[in-house]
Amino acid sequence: MRSGEEHHDVVIVGGGICGLATALALHRKGVKSLVLERSDRIRATGAAIGVFMNGWCALDRLGVGAVLRDKTIPIPEIQEVWHRKSAMQVKSTRIEEFRCLKRTDLIQALFDNLPVDSVRLGCQIVAVERDPSTSFPILYVHDGIIIKAKVLIGCDGSNSVISKSLGLGSLNSLPNCVIRGLTNYPNGHNLESHFLRHLDGYMAFGRIPIDDNLVHWFVDWPYPNRDIDAPKDPKFLMELAMQQIKDYPAEMIEMVKSSDPSSLNLTRIRYRSPWHLVFGNFRRGTMTVAGDAMHMMGPFLGQGGCVAMEDAVVLARNLAQAMPMGLEGGRVGDGELKKRIETALENYVRERKPRVLKLAMQSMLVGILISSSSKIKRLLSLALLLVFFGGASLSYTRYDCGPL
0 MRSGEEHHDV VIVGGGICGL ATALALHRKG VKSLVLERSD RIRATGAAIG VFMNGWCALD
60 RLGVGAVLRD KTIPIPEIQE VWHRKSAMQV KSTRIEEFRC LKRTDLIQAL FDNLPVDSVR
120 LGCQIVAVER DPSTSFPILY VHDGIIIKAK VLIGCDGSNS VISKSLGLGS LNSLPNCVIR
180 GLTNYPNGHN LESHFLRHLD GYMAFGRIPI DDNLVHWFVD WPYPNRDIDA PKDPKFLMEL
240 AMQQIKDYPA EMIEMVKSSD PSSLNLTRIR YRSPWHLVFG NFRRGTMTVA GDAMHMMGPF
300 LGQGGCVAME DAVVLARNLA QAMPMGLEGG RVGDGELKKR IETALENYVR ERKPRVLKLA
360 MQSMLVGILI SSSSKIKRLL SLALLLVFFG GASLSYTRYD CGPL
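Numbering-wise (numbering that gives the first Met the number 0), the sequence shown opens with residue 0 and increments by one.
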């Protein structure tokens, strides 16, 4: 076991989309940070990610939007096919800029634009506390290293160590899970360039072309077995997905059957309840959270990754505005520096809360509408969606997180 003590200005826990985006946003503002990732490689959980206009706005601010657009094709329309008894209903919705990205492409683009040695892999945080003399965060790493930081940002996802240290409530879960995968067509898939969703009762199948050869698909259905967090055999996941769509069109069954086994991923749908967002404490001293660590939500709005990238831009902007001379702040003492950082993080939380609360509420209501067996709950959810969110409106995708 190693030992020793390190000092860093900004430490970000978690090297996923949110963590790397936050590090890149800070880098663009001239603020150095260190990302600690527990995996021994840069991770990209899941096969692909749908990015709406608000996500592309954030990616443009981070300086990687153009290179990522070159890896995808635009998707101008969402087409939903509802199966109701013997009838079928089709609804089409035009959408402004929407594209589907391989998660590995997004992660790599963020990573490639960071300075060398910005990310430390194989670094698992076992405890977090505050320095009794300065009140700055102290992190204890599994290998014995102690890291002291002026700013600590938790981007460590749904099982966030930083969220727990802030005293945030545990996540809720729906009785649904999702299997996602990628299927490559060497000679081209010849599919229409729209986001297709087939909905039949409590089950949904969706597919989105990424480019002319690669397609992202997912299957969402009620799954009572709660022991699904452990890694699963790809063959088992493929059989499980095919079992759910056995009565679907042959092309969809073949898509799942021909998918890349290494891309298959199964997750239970979990979310942070809106009331936890209202009453939760997302900042303590110079420590805060972003992304899923702050506002884990179901996939129903396709906003988890987009909103995490918004967080990155807003957080970096506030830190830079509060400390235009950098974290060292000239000759500012620790006490004054701490006040500046706390003000910046408080402004960040205040700006983000209304945005993520509205999305969390809308996502939760859609989840209940889709998954609940209670007719009363479904009717109530539908009524609330119509009254407060305009039903199936995509207005939330036209949000601009502002300049970096």
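Please note: incorrect hints may appear among the correct ones.
For lysine to aspartate or glutamate, the following EDC-like pairs were computed, each having C-alpha atoms within a straight-line distance of at most 16 angstroms [as the list claims (entries may be wrong)]: (1) K147 to D59; (2) K147 to E350; (3) K28 to E4; (4) K70 to D59; (5) K245 to D211; (6) K90 to D199; (7) K231 to D259; (8) K70 to D199; (9) K70 to D39; (10) K256 to D199; (11) K337 to D59; (12) K70 to D210; (13) K147 to E128.
The hints are simulated quantities; they were obtained by calculation from the structure and are not laboratory data.
All values reported here derive from a predicted model rather than from experimental measurement.
Hints and how they fare:
no. : hint         : result
1   : K147 to D59  : 32 angstroms, violated
2   : K147 to E350 : 27 angstroms, violated
3   : K28 to E4    : 27 angstroms, violated
4   : K70 to D59   : 15 angstroms, holds
5   : K245 to D211 : 26 angstroms, violated
6   : K90 to D199  : 14 angstroms, holds
7   : K231 to D259 : 14 angstroms, holds
8   : K70 to D199  : 32 angstroms, violated
9   : K70 to D39   : 26 angstroms, violated
10  : K256 to D199 : 20 angstroms, violated
11  : K337 to D59  : 31 angstroms, violated
12  : K70 to D210  : 7 angstroms, holds
13  : K147 to E128 : 10 angstroms, holds
Of the hints listed earlier, those the structure fails to meet are numbers 1, 2, 3, 5, 8, 9, 10 and 11, in rising order.
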